[in-house]
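Taken in sequence, the protein lines are chains A and B.
Heads up: the first sequence is residues 1 to 133, going by my numbering.
Heads up: the second sequence is residues 1 to 119, going by my numbering.
These aren't lab readings, by the way, just hints derived from the structure by calculation.
Be aware that a few hints might be false.
[What the hints assert, rightly or not] One-sided excerpt, in silico: chain A residues whose CB lies under 8 angstroms from chain B:
#1 Pro26
#2 Ala27
#3 Lys28
#4 Glu52
#5 Phe64
[Stated by the list, open to error] Covered stretches of chain A (chain B as the covering partner; in silico rule of three or more C-beta atoms under 8 angstroms from a C-beta of chain B):
#6 39-51
#7 85-96
#8 103-114
[As the list claims (entries may be wrong)] Computed beta-carbon distance windows for the label pairs:
#9 Ser61(B) with Gly59(A): 12 to 22 angstroms
#10 Glu69(A) with Tyr64(B): 15 to 25 angstroms
#11 Ser61(B) with Arg79(A): 20 to 30 angstroms
#12 Ser121(A) with Ser61(B): 32 to 42 angstroms
Each residue gets a CB set at the ideal place from its N, CA and C atoms; glycine is no exception.
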Amino acid sequence: MTEYTKYRVVFDDPDNLDETTKVLIPAKEWLDEAMAGKLPPIWVYWQLQDDENKAREEGRIESFSHDPEKHELQWKAPRIGPLTEEEAMEYLVMKDLPRKCWAEEHNRPMFRIVRTEEVPSDRQFRNAWEMVE
Amino acid sequence: MSTLNVNDIQESTTNGGKVFFNRCWVDYAPQSNGINGSGALSSIADHATGNQTFNFSNANSTAYYAYGGCGYDDSLGNSDDGITTAGYLTKTSTSIRMISGYRNTEYDYDGFSYFFGIN
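For reference, chain B alone in the conformation it holds in the complex (with noise of 0.2 angstroms):
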């Protein structure tokens, strides 16, 4: 498993000269099952408390080419604000299963999570 913070996050519009093609927000309201707002998304399963499949609208070229945050934000905006950690379970070209870094505690805040990936 991985470990990724903001920060790995905002650098990562560039990664070694390959560009993201396929970056996006997504904020999930596990209390209502909701996704508020997504890209290039078709789906997200919801495993479990803090435990969610993001399944991409089309496969991406590679398996291996997704990272991720996952945090909370009273707000719910596509902001940086409230991620700090995450850890991916499984990645395949078309998915990306993450568990929240820091906070399963849903039931409280509503869900916050971010992914993108690289062309």
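Bound-form chain A, shown alone (with noise of 0.2 angstroms):
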């Protein structure tokens, strides 16, 4: 497989940090779109998870349905511009990780962005991976 990103993100759930540390993969296309400068600022994001999260916990998640307009922002909200492969990485971090991992204060780390060879091949003892910092 040809590589095509020298950056993985480690990761543990603050909630559940007995559970094996996670491994997040960006994938090629959206890196490619990052970096091409076609993203909408994050916020557009972070609000859509804010509505979804608030119909979750007010019990109405299953008759729940984005805002359209809020929806379309997705697409139609002016691009960021091209990112570099760093700020690409943090900015999937900022969507994609948990935003407890990022957005809140911890007696140590929750993430990292580590290089590729940095995760070991070997999955031989998987569950028992562990962020090191």
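From these two lone chains plus the hints, build me the complex, please.
Right under this line is the structure:
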């Protein structure tokens, strides 16, 4: 497989620290779009996540649909311009990682952006992986 | 948790008159932590053996639109070969977390995953 990115994100769930460390892998098409400047401002996604979380908390997720105007901002909001690969990874953290991983203070980091070669390819002990500082 | 089979997937290009607008294939190779092909994805979160979250590039209109199948295929291609069952653990409008239906020995096989959404 041709390697298309130098980076991965390792992270833990602050609410389930007994679980094995997770690995986030960016998709090539998305990364290409990010570096080509085709992404909307990150708040467009946060706004949608907030609305959905509120619906879930209020017990009305079964009938929930996104507000059409907010939903369309994903394509209609002004683009933020080209990102470097490193900036794209930071954007991805804020888009796809649980917000509590990066927006709340913890007694240790809950995620790290690492180089691809730092993630073991031998998965024999996958369920025992831990993030080290 | 829902359990699907390949027939559910193959019959899913329409569903009660609804048209899936976000149908795509994903090949995930756990040993290299690599995505060999994707569509409409921004990332995959590998939780552990046989358990992944697929994060979509954009939020869909509803939270409960997504279904998917998992399997393995030595040739890793865009076909239904190898897809048998899958279960999902959670769904949002931006992601689906799935667990392999019958094969957790990704140490021996490349992973093969698939999902789609409905409008």
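Each hint, compared with the structure:
1. Pro26: Holds, because the Cβ-Cβ distance from Pro26(A) to chain B comes to roughly 5 angstroms (cut-off 8 angstroms).
2. Ala27: OK, holds: Ala27(A) within 8 angstroms of chain B, min 4 angstroms.
3. Lys28: Hint holds; Lys28(A) Cβ to chain B Cβ min 7 angstroms, cut 8 angstroms.
4. Glu52: OK, holds: Glu52(A) within 8 angstroms of chain B, min 6 angstroms.
5. Phe64: holds (6 angstroms)
6. 39-51: holds (count 3)
7. 85-96: holds (count 3)
8. 103-114: It is violated: at least three residues are needed, and the region 103-114 of chain A offers just 0 whose Cβ sits closer than 8 angstroms to chain B.
9. Ser61(B) with Gly59(A): 12 to 22 angstroms: holds (20 angstroms)
10. Glu69(A) with Tyr64(B): 15 to 25 angstroms: 21 angstroms Cβ-Cβ, so the 15 to 25 angstroms window holds.
11. Ser61(B) with Arg79(A): 20 to 30 angstroms: holds (22 angstroms)
12. Ser121(A) with Ser61(B): 32 to 42 angstroms: holds (38 angstroms)
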